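2 protein chains.
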Amino acid sequence: MKKLIQDVALYRDHDVTEHQNIAIDGTKITGFPENPVLSDYDEVIDGQQMLALPGFVNTHNHIAMTVFRSYADDMQLMDWLQKKIWPAEDKLDGDVVYAQTMLGIAEMIRCGTTSFADMYFFMDDVARAVDASGIRACLSRGMTGITPSAETALKENKQLFLDWHKKGDGRITVMLGPHAPYTNTPEYLSRVVDLAHELGAEIHTHLSETKGEVENIKKQYGKSPIAWFNDLGIFDVGCLAAHCVWVDDDDLDIMLQKHVRVAHNPGSNLKLASGFAPIAKMLKKGITVGLGTDGASSNNNLDIVEEMHLAALVHKANTLDPTVIPAETAINMLTEGGAKCLGYTDIGKLEAGYKADITLVDRSGLHWYPKHDSLSLMAYSANSMDVDTVLVNGEVLLRHKEFTKLDIEKIKAEAERTKEKLFAQI
Amino acid sequence: MKKLIQDVALYRDHDVTEHQNIAIDGTKITGFPENPVLSDYDEVIDGQQMLALPGFVNTHNHIAMTVFRSYADDMQLMDWLQKKIWPAEDKLDGDVVYAQTMLGIAEMIRCGTTSFADMYFFMDDVARAVDASGIRACLSRGMTGITPSAETALKENKQLFLDWHKKGDGRITVMLGPHAPYTNTPEYLSRVVDLAHELGAEIHTHLSETKGEVENIKKQYGKSPIAWFNDLGIFDVGCLAAHCVWVDDDDLDIMLQKHVRVAHNPGSNLKLASGFAPIAKMLKKGITVGLGTDGASSNNNLDIVEEMHLAALVHKANTLDPTVIPAETAINMLTEGGAKCLGYTDIGKLEAGYKADITLVDRSGLHWYPKHDSLSLMAYSANSMDVDTVLVNGEVLLRHKEFTKLDIEKIKAEAERTKEKLFAQI
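If you read the protein sequences in the order shown, they are chains A and B. The opening residue of the first sequence carries number 1 in full-length UniProt numbering; numbering runs sequentially from there. The opening residue of the second sequence carries number 1 in full-length UniProt numbering; numbering runs sequentially from there.
Bound conformation, chain A alone (with noise of 0.2 Å):
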């Protein structure tokens, strides 16, 4: 099946230029042919007034936690999961999960996100949503070493990696998903890190989220959470690190040096007031950061062009400077930094060769005139509900703002439903 993507603005080698072409075949970007024959090819999308960039890549998710948005806000985070997370999250299903994760699913889509890092419970649901929904995600079971279903986890999140891993025309991959320093122990966190190198799986982490964290694990094992995930191994598999806000000039030399991976949250680090990850110095170094959302109940959205908004804006008054993190840098850690968290190869940049993982954003709306520079309108001005048109592996999911392949109606009725049976029990 070939595609043609014809008469858009692409941005490619740092730069946008109008008028261009995209061929497709298959699962990848083929070619930008100058003058294409249109007749060589099954389908013709219309790129004009469009902005093609590299799919957008979510780089962290607890995408099923869609059924606790808006259920509970404004309050201490420990009063926030003891009171009414943990407890409705023991309350979960599979149905539950696999409703939300769709619904998530289809929200990240409409935003122009093409791939995903996730990191839950009944993960056999999520890799089935996946599947069925076209998108392309990376996922993990949550593992915690601390509660009574530590040995589960580690059973469930090999078995996910066996089932799963390079599954759904390759669309999936899968890794290994030790909570997080305050959730596990060393012995457990070594069993980890053994089954990773049993599977050639990497790891998908929360790391050095909040002040307390930090404190706590120094006081504990007399070192910083990164000091010590690095001395257990963790990173020697390959790590995904989510957050990393509290992080001193050590940490990062380690970051850099083991190649750990950031996903940065902005929206959810400011709405649980966790603080402000040190981005701009991560960048500076050479350390590989892209962009996530975090769960709904934390953000309480899946829009990553807003988060990739709160990236470009917040750390220029965190340092007060208002030249750190400029349009195009943001527009990096939305598409290929968030695709190098993933550990694709072949994703984040349109190139040929490349997967045809492709976001179209319509730049006809107000707020894109007058017109002088496109990255800076797309970093700054820019709205999720700009995104005409988004290819995951060749396929359009989403064609001029309708689903393709998702029945939206019946995903909002099972979300509504899956709730009402969730809270019932609560």
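Think of the hints as simulated: they come from the structure by calculation, not from any bench. A portion of the hints provided could be inaccurate.
Which copy is meant is left open, because identical chains are indistinguishable; a pair holds if it fits in one copy or across any two.
[Claimed, not checked] Straight-line Cα separation of at most 25 Å, SDA-like style, residue types lysine to any residue; simulated pairs: (1) K410 to Q49; (2) K410 to D373; (3) K258 to Q220; (4) K371 to I426; (5) K285 to M75; (6) K371 to K401.
Here the structure is a predicted model, which means the values were calculated and not measured.
Since the structure of chain A is provided, determine the placement of chain B on it from the hints.
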């Protein structure tokens, strides 16, 4: 002309009640009939799936700066002003300002804004655009006592008041606009205060926006900008002060005592790296706070819903307290707080006798599911493209996301034409 908004979720008295009706007669809300007779109304607006909120207020803008959107970003403030903005502003004319103001007004209406405060040049052209568009505005002529335009500016602001205050069906009011402490002299500011007393006009200004401004004013006058403006009598005539980022406890005491109303512009404060205004502290003290976008060149859009979202998020991280600026407080700044900032006494609430400035927000988007709490969803999950219908002074300006009164394609073309004209001279 009688209108009915039928079967809508009504935000009133700190609560959202489903399946309510809002009756409007002429420019005002008349009540909330339980069983309205449809034939009594000239127009019935379907409110199903919608949340009715008081119209959103943008308390600080330089609207015609839309022309500079995406023209220059990611620069140090003085570089940006001296090399980019000021030379370009020097070439502005009434034609450019009218066209760019229309663009900005359309963008604001699309985002649910029903009134805004503006400070710029060629304000007669701005007033004509406000008059023609149907939106509500509080206008002032930016006045800098230290530039050659000082005398002209004072004359023009006076004339603006005489020509336009309470005109345009009462939708236009006029304030005096001394630009800022650092662009004025005590003598000039005293003349502004005299003029304010003479006309019965209030004042709109920038105050304590950057750390450098506060340091310089303290060096020059031995007191903070707030204390200095207080001594000059500026707060005695009623004052809308934009930014107030670098204010200490003594400043806050003065602001409370003198009823200084604060236009909080989180997007601009972040992007220009001005810092974090102590909004939680202000609100706790009882100071009136509204939200503003500032000009599109330092934001880079006029999306007041995004400002609310930013305001709800950034202060949590900056104070490391997730309970500050809860959802309803954010919505209050967007609506009632903003209306108070602009000096309105019959706008900002949905109450009988209040002006029919109403924004209906569509709750059918994926990010509004599942539904636990409409105020949380509005504050944390919504985006401006959810705005469905906008009424100002009882007139429908946006219906189901389509403009009723403005020719959008013409507005976009005029924005491009005048941008080309302006930049041909630079």
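*For the identical chains here, do K371 and I426 meet the 25 Å Cα criterion within one copy, between copies, both, or neither?*
This pair counts as between: shortest inter-copy Cα distance 16 Å, intra-copy 52 Å.
*Homo-oligomer pair classification [K401, K371; C-alpha up to 25 Å]*: both (22 Å within a copy, 23 Å between copies)
*Please work out whether the CA atoms of K410 and Q49 approach to 25 Å or closer within one copy, between two copies, in both situations, or in neither?*
between (31 Å within a copy, 17 Å between copies)
*Same-copy or cross-copy closeness of K258 to Q220 [CA-CA at most 25 Å]*: within (23 Å within a copy, 52 Å between copies)
*Between the shortest in-copy and the shortest cross-copy C-alpha distance, which are at most 25 Å for K285 and M75: within, between, both, or neither?*
between (35 Å within a copy, 21 Å between copies)
*Have a look at K410 and D373 and pick one of within, between, both or neither, based on CA distance no larger than 25 Å.*
Close across copies (21 Å), not inside one copy (40 Å); limit 25 Å.
When held up to the earlier numbered hints, the structure conflicts with none and fits them all.
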